[in-house]
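Residue numbers (this note's numbering), protein chains in the order written: chain Y, 1290 to 1663; chain X, 1290 to 1663; chain R, 1290 to 1663.
Just so you know, these hints were derived from the structure itself, not from any lab.
From the three backbone atoms N, C-alpha and C, an ideal C-beta is built for every residue, glycine too.
Coverage of chain Y stretches by chain R, computed from C-beta distances (three or more under 8 Å per stretch; other residues unrestricted):
#, stretch
1, 1315–1327
2, 1332–1340
3, 1366–1376
4, 1629–1638
5, 1652–1663
Among chain R residues calculated to face chain X with C-beta under 7 Å, some are:
#, residue
6, Asp1338
7, Gln1339
8, Leu1341
9, Ile1371
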Amino acid sequence: SGQSVNYSKFGKGLQFIAADSSFSVQMGLRFQVLYSGGQNLTPEQDWEDQFLIRRSRLKFSGFAYSPKLEYKVELGLSNRDIGGTLSEEQNFASNVILDAVAKWNFAKGWELFVGQTKLPGNRERLISSQQMQFVDRSLLNSRFNIDRDAGLQLHHEHTLGNVLVREITSISSGEGRNITADNAGGYDFTAKIEILPLGAFESSGEYVGSDIYREEKPKLAIAAAYDYNDDASRDRGQLGDYLSDTRDLRTFFADAMFKYKGFSAMAEYAHSQVEGTPVVSYTETGTVEEAFVTGEAFNIQAGYLFKSNWEVAGRFTTYDPTDATMRLPEDQYTLGVSRYIVGHSLKVQGDLTLQDTPAQDNTYQARVQMELAF
Amino acid sequence: SGQSVNYSKFGKGLQFIAADSSFSVQMGLRFQVLYSGGQNLTPEQDWEDQFLIRRSRLKFSGFAYSPKLEYKVELGLSNRDIGGTLSEEQNFASNVILDAVAKWNFAKGWELFVGQTKLPGNRERLISSQQMQFVDRSLLNSRFNIDRDAGLQLHHEHTLGNVLVREITSISSGEGRNITADNAGGYDFTAKIEILPLGAFESSGEYVGSDIYREEKPKLAIAAAYDYNDDASRDRGQLGDYLSDTRDLRTFFADAMFKYKGFSAMAEYAHSQVEGTPVVSYTETGTVEEAFVTGEAFNIQAGYLFKSNWEVAGRFTTYDPTDATMRLPEDQYTLGVSRYIVGHSLKVQGDLTLQDTPAQDNTYQARVQMELAF
Amino acid sequence: SGQSVNYSKFGKGLQFIAADSSFSVQMGLRFQVLYSGGQNLTPEQDWEDQFLIRRSRLKFSGFAYSPKLEYKVELGLSNRDIGGTLSEEQNFASNVILDAVAKWNFAKGWELFVGQTKLPGNRERLISSQQMQFVDRSLLNSRFNIDRDAGLQLHHEHTLGNVLVREITSISSGEGRNITADNAGGYDFTAKIEILPLGAFESSGEYVGSDIYREEKPKLAIAAAYDYNDDASRDRGQLGDYLSDTRDLRTFFADAMFKYKGFSAMAEYAHSQVEGTPVVSYTETGTVEEAFVTGEAFNIQAGYLFKSNWEVAGRFTTYDPTDATMRLPEDQYTLGVSRYIVGHSLKVQGDLTLQDTPAQDNTYQARVQMELAF
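Just chain Y, with the same shape it has in the complex (with noise of 0.2 Å):
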């Protein structure tokens, strides 16, 4: 008496059943404070730094009307999340839902999602950014990730034997989260398959940063995918600047998430090209003015969890643009350290990273995040 329990636990959410079980809510608060500075060694410049709400979400989650009718509703609340350019494309909003999707189960083994959610693209992408073992993502990943978009995905999951295997497919605009405009250009479909031969992973670790976990067998996922965007305007697809042309975009990812008893390890392959040149347009000196984002990226990172919850994880990412996009590549080297408190929910995480560009002088990175979820 004199406190309303809620039978939840602190990372969980705030949890609610109909009395008729006709439906169910999970609502979930998150917030994430960074600091983050660098610089150039060669010539010395300042350092440049910024402290801020990376990220702030508030969550809704459930089933409707029955079990096998689930929604998850996630909106966007820091300036990072929502803001960016304000397009026609848009409505000139800022852009606050990040995933508003239904996920049917209308037979065993499979769900059809409608709506707009993350597209079955690479692993890094599909991991919450709540759920990272560094403070963010790779260099990979913000080059070439898929994002979210509207529209229809088929999720089918089935064993044999041991072997868990996933396929998606999805349709989509093509054009990212939060377009009110008619779909330009054509639409965007992307294939993905998903193997784990040593079966699943706790708590759907593959798509978790870090062996949170601990899994006692070691346990593995590798996956494809495929993405072709019909008619793409954007220099990225779902994401980045309208270009004055299109181009079809095909991007190929590929990928591999290893854990065991603390240890863990991600690699990821993704490459991008279109039919043609991704150049769009040249400014009057010869210079590239307008380019798709094309080329390749490889990023691999492993970690390893003690049993105080602290973890040391390093990472490499390169990055290997088209050369017609005269766009430079780039190596990545992270150290990251983490202090998980409450698993993802309550976290410390500090990196540094070594920006290598051939023919340019070197940058240094640090950062430090708190994570804190209910």
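Fit chains X and R to the known structure of chain Y by using the hints.
The following block gives chains X and R in isolation, referenced to the frame of chain Y:
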């Protein structure tokens, strides 16, 4: 044990009441996923389409301190809800707030509304976008509705025998929702009367699309409303572009809703005019550059809800703008099919519209929409 | 049975605690409906007015994992809360987040704040906009308050006999809330000391307008704060326009609050200066184009809360800008009447202000505001 039961049911939101009965909260969330496509048939054009989160809302309502004082706050989340032209009058912000209003039942049959909410205009507008019979409202509404405004409304409801009568008057700023600037021009005054000669509808069904509640006896609502927007500065009063001159905008609405055993019919008439010409400026070549949206429109729609909760409905809308505005008249014919899974809380609706503009090619539009609202 | 009881009461939000005591959530919502009008009397001008949702907020607070770690997230909803100039520094987004902060009670009497929240500046600013004695804060505050910022704050509270003493220091970015860009110029440093010589106020009433809790013994709080904004780039430090040059902005505050048996009095002094001239640029005709907001201001206000929960209060504010800025000094005289129905959670307040600017005509402003907060 182990589950936090909420004494609500799907479609009614999470519900809470304070232990000392000092306030209550009903909290709901909804989103619509829309596919919409269309084309001209002669000359045959490309199919233009879009797939988007059409609306998404977070709603809070309940009573504060006393059941005689109710509140409602409804927040828009989707870019279609919150975007539009960025204007200084709205402080260059996304327009998140739809409703923020207190409703004070200060005497039996009387309510005073203080804040921002829908004005007492046409029925179609007052029906929630969650509870429409078709995928979206008609052309009559898009041209002539008086939307939301900040101000005061006085509501009175009483019975004369079995006849239910409502009178409503309001005074408001006249420029629509979320204006932060000083009132432009004069105020807006609205008066409305509504009569239900056959008694109350089940669950206020006179403001619900389709005969979801299957009235056992015939029920009828008829209403008339008049709005006087003194020195209106936006081309549709509470909505639209700011023009370079003002007009006194007068809008008259008459509407009716009939329901009986699954059959429902709704008719609306709207007439909008200004003194003198609605045209504010012409281009050098003599075409209209700026004009208020005046003229008249008529909408009639009817549907039958089968016992299977499938509905077939038809709609005819005719729009006749004032000649001086050089806008084109338009007729629309819509055929709708709806599958109500849980009333208006979980449904899929489709409709097909033929748009007939004299002296122009006919246009077709096809839409499918899913609504999910807890 | 049949109702989900929440062990809270009106004004305290919905309250939840996890069954395993691993976190708690208090969730509140509020909105203010404001009518404000004003005019010059000589020459007699038109009455200019507005009616709007002045503020609306959604708030979450509680503890995370341990009662020693508290969090607060406060979101703005109204266009006045979230709008303003769209800037690249804020990622062209509406500014939804007001507070997103973790408060770690790491040792007895000590708290470390991490994130974005109000800086330890003047008392009037630290009093919630829900708990003001008048319809809004004074002219002193609008000119000189240091608002919110992202960074770290260290709070210490201890007693010396019956005397309560608080020391606070902070380091923050210096450009205000929701900045996503690299820190412009240098950091901001704040130090504050507060003394309550007569012991603690009821329910932290030293940060509540009006003697709502009717102190039975005299209570006094006095405080002084100093803020050093290194290389400030906005004209009021955390607020205002970005100027074309920076200045080290130094602001000093001193304030006091006294309460006894329904009587309350608050006084504040603010002084802001830069080294050299606050003027950054002049127009060709020699008038000031860009200047930091410097100078000094004094505000004093007092009110008496009758047993009927009606209050009458008066306020005098004088603002004296630095001569070089060519801004005009101003005196304001305000008379306020408030009816607290449920403290600051449900109230109606009105005030009348005479604005006296030397060498200009006097201006009058009348305001009425309703606050509803659960």
